[in-house]
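So the protein sequences, as listed, match chains A and B.
Counting from 1, one number per residue, gives the positions in the first sequence under this note's numbering.
Counting from 1, one number per residue, gives the positions in the second sequence under this note's numbering.
Calculated directly from the structure, the hints in this document are not laboratory data.
Here a beta-carbon is modelled for each residue, glycine too, at the ideal position from N, C-alpha and C.
A couple of the hints might just be wrong.
As the list claims (entries may be wrong) - Partial chain A-side listing against chain B, Cβ under 7 Å, derived:
hint, residue
1, S2
2, S5
3, G46
4, L63
5, R67
6, G98
7, L100
8, I103
9, N106
10, L149
11, Q188
12, Y194
The residues making up each chain are set out below.
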Amino acid sequence: MSILSDIAASLQRGEDEEVASLVRQALDDGQDAVAILHGGLIAGMGVVGEQFREREIFLPDVLLAARAMYAGLALLKPLLAKDGVPTAGTVVIGSVRGDLHDIGKNLVGIMLAGAGFDVVDLGSDVAPERFVDAACDRGASVIGLSALLTTTMPVMKDVVELVRARGLQDRIKVIVGGAAVSDAWARQIGADAYGYDAASAVERVRALARTPA
Amino acid sequence: MKQRIEWRPADTLPERREVLRLQGIPAGVDPSRRVLSIVESAEAVYLEIAEPRALVADISMEAFAAVYRGEGRNAPVTPIEAVVLRADALALFAATVGARVTDRIRTLFAENEPALAVMVDAVASAAADCLTHLIADRRAALADDAAGRGRLTLGYSPGYCGWHVSGQRALFACLQPEAIGVTLNASCLMDPLKSVSGVLAAGPADIHRFAPGYEFCADCRTKTCIGRVQRWPIPASAG
Chain A
1 MSILSDIAAS LQRGEDEEVA SLVRQALDDG QDAVAILHGG LIAGMGVVGE
51 QFREREIFLP DVLLAARAMY AGLALLKPLL AKDGVPTAGT VVIGSVRGDL
101 HDIGKNLVGI MLAGAGFDVV DLGSDVAPER FVDAACDRGA SVIGLSALLT
151 TTMPVMKDVV ELVRARGLQD RIKVIVGGAA VSDAWARQIG ADAYGYDAAS
201 AVERVRALAR TPA
Chain B
1 MKQRIEWRPA DTLPERREVL RLQGIPAGVD PSRRVLSIVE SAEAVYLEIA
51 EPRALVADIS MEAFAAVYRG EGRNAPVTPI EAVVLRADAL ALFAATVGAR
101 VTDRIRTLFA ENEPALAVMV DAVASAAADC LTHLIADRRA ALADDAAGRG
151 RLTLGYSPGY CGWHVSGQRA LFACLQPEAI GVTLNASCLM DPLKSVSGVL
201 AAGPADIHRF APGYEFCADC RTKTCIGRVQ RWPIPASAG
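The shape of chain A in the complex, shown without the other chains (with noise of 0.2 Å):
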């Protein structure tokens, strides 16, 4: 079995030092910290998605290959950063103005982290300008919107319509997810996609974040 067989599997594992011992030795012996990436900590938390997907694991097992998976990317983003390496894409998310509810919007970062993504988290209780600015800034395809509550909501039709008075809205695509949102909501606002659940909301980013511009 190849190192990056052995990653992906320590990965599945959870087992966080294993995968950092052997990032540590793959980069040692050569080994491209692009393939790593990609053979190694994404094939594994490819694997894990579809376990989930499946129900042959559940959510605890999935934030354990995370946490796997982050040793391991810690080792690798400095030199993925020299060298310039595209990532599927980059994410604002965070919980809307007057929210402070978190967990849900935590998960969705992590599982995007796990897709390939780079995710820009700005936390909760956020503007409608920082969601907007925040991707701007860093050249994000895609803002993830999280709210809990009926008084929450409306914040997130502030952010789409910010995305579209500013002309952004074929650069910029707009999901939102939380407890209180619904598909109808989201299409009632002109979000472009509804995630009902942290897995859900990855494959529409993914989807998203093909959409050509």
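Following the hints, position chain B against chain A.
Same frame as chain A, but now just chain B:
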């Protein structure tokens, strides 16, 4: 009468099965050894730092009607109105497991411990829900409302069953749970996050039975209305 209640964390630890359900692990599926290990760690965190407490105050039907009306944003028809009209006694309540739990969850995420962070969150969420039942059980015991006599006390909260979340404002103005450190922000979000509030309705168990066929039920992700009444089925001996 307003009453402050405090519990030891151990007395509010939720059932493990409920915590696993919140993690997407269905009943009948045995979690792996490593998942069980995370659950045990999360429970230990909760037992170490939780500060569960509540404030409860009796309220008349008339006074509650004004609280429930709130800002006039409730659904036109809700099961809560029917429950309350048939209840013998009402009480407003607010309860929390404390701010340290939320702070620890954030710290765990920052320390790249997402599995433990999310599990602590699940334990805290289940515990907060548990507090409603603990309050209800305590009040039922005080009123000698044994379930064996066919009576049941259940809680209903703003944000559910057609009671608009903005109803929190009227509830907070009336109950003033700031006394136990629970506040409300401009978006009607409680702080600490792992807090619950609402009205307790005591009466014959049958008053709490309703089918989730209201317009707002379609978007409800919890549908605890069914499970809560099933947990306390009306006994054959009920009068």
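Taking the hints in turn, this is what the structure says about them:
1. S2: Check failed: Cβ of A:S2 comes no nearer than 25 Å to chain B, outside 7 Å.
2. S5: 21 Å, violated
3. G46: Violated: closest Cβ of chain B sits about 18 Å from A:G46, beyond 7 Å.
4. L63: Hint on A:L63: holds, closest Cβ of chain B at ~4 Å, below 7 Å.
5. R67: Hint holds; A:R67 Cβ to chain B Cβ min 6 Å, cut 7 Å.
6. G98: Status holds, d = 3 Å.
7. L100: With Cβ-Cβ at 6 Å, under 7 Å, it holds.
8. I103: 5 Å, holds
9. N106: Check passed: Cβ of A:N106 comes within 6 Å of chain B, closer than 7 Å.
10. L149: 6 Å, holds
11. Q188: Not OK, violated: A:Q188 not within 7 Å of chain B, min 13 Å.
12. Y194: For A:Y194, the interface hint is violated, since the closest Cβ of chain B sits about 12 Å away, which is over 7 Å.
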